[in-house]
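Protein chains in written order, with the working numbering: chain A, 1 to 111; chain B, 1 to 116.
A hint or two may mislead.
[Unchecked claim] Just a sample of chain B residues kept apart from chain A, beta carbon distances all over 10 Å, derived: (1) A2; (2) K11; (3) K17; (4) E20; (5) R22; (6) T30; (7) S53; (8) K57; (9) S62; (10) R64; (11) F65; (12) S66; (13) A88; (14) T102; (15) E104; (16) T114.
[Said to hold, decoys possible] Taking beta-carbon pairs under 7 Å as the criterion, some of the chain B residues facing chain A (in silico): (17) G42; (18) L43; (19) G103; (20) F107; (21) G108.
Keep in mind the hints are simulated off the structure, nothing from the lab.
For every residue, glycine included, the Cβ atom is placed at its ideal position computed from N, Cα and C.
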Amino acid sequence: GDSVTQMEGPVTLSEEAFLTINCTYTATGYPSLFWYVQYPGEGLQLLLKATKADDKGSNKGFEATYRKETTSFHLEKGSVQVSDSAVYFCALLDSNYQLIWGAGTKLIIKP
Amino acid sequence: GAGVSQSPSNKVTEKGKDVELRCDPISGHTALYWYRQSLGQGLEFLIYFQGNSAPDKSGLPSDRFSAERTGGSVSTLTIQRTQQEDSAVYLCASSLTPAANTGELFFGEGSRLTVL
Numbered sequence: 001g002d003s004v005t006q007m008e009g010p011v012t013l014s015e016e017a018f019l020t021i022n023c024t025y026t027a028t029g030y031p032s033l034f035w036y037v038q039y040p041g042e043g044l045q046l047l048l049k050a051t052k053a054d055d056k057g058s059n060k061g062f063e064a065t066y067r068k069e070t071t072s073f074h075l076e077k078g079s080v081q082v083s084d085s086a087v088y089f090c091a092l093l094d095s096n097y098q099l100i101w102g103a104g105t106k107l108i109i110k111p
Numbered sequence: 001g002a003g004v005s006q007s008p009s010n011k012v013t014e015k016g017k018d019v020e021l022r023c024d025p026i027s028g029h030t031a032l033y034w035y036r037q038s039l040g041q042g043l044e045f046l047i048y049f050q051g052n053s054a055p056d057k058s059g060l061p062s063d064r065f066s067a068e069r070t071g072g073s074v075s076t077l078t079i080q081r082t083q084q085e086d087s088a089v090y091l092c093a094s095s096l097t098p099a100a101n102t103g104e105l106f107f108g109e110g111s112r113l114t115v116l
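Only chain A is shown next, with the shape it has when bound in the complex (with noise of 0.2 Å):
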């Protein structure tokens, strides 16, 4: 079956330092990608998502293409802040129209 696999955490930054999770998928045809984002205390929230390959989603700064070759969704920052600290989720809609979820990261920035 479907599933996706991200890095495991906890990722550990200073402010203003780049930032890479890596995402990889395993799917059958070309699946809608997602990365969602849950902030301390609150709820799990889209943070961006691209649906075709060589799409790239962005949203407060973040980035991700979906590379259909290495079949990832990597997600990329270029100057992380303090309030950046969170788990993120990579995810996948699958042909049933379920997502399909990573373990979650977490990402925690040191001022």
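Starting from the known structure of chain A, arrange chain B on it as the hints suggest.
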């Protein structure tokens, strides 16, 4: 309300007791999902409702778990004879319609269940 509302936010119970968790989705959202999030784990799908019917119950871990949805709105997840392994955060999410699902779910803040 404007968002998905879940209650209680925290529940501590003794092993063997029954618990009910409530979810009030965004008004007009026909699809409703329950997930379980254990410490350090991803989201485990439990059940999905389209309107009042549940076309996919495949994620319910045992027959101690059940869920219902009435009036196409509020849903209740019931866990009977709770076990310690049921301790987790139970998340509810809603979306406009799964048939045209863009993958955008709107989540509540979750109900944290602790079984002693």
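Among the hints numbered above, which are violated by the structure, and what are their numbers in rising order?
14 and 15
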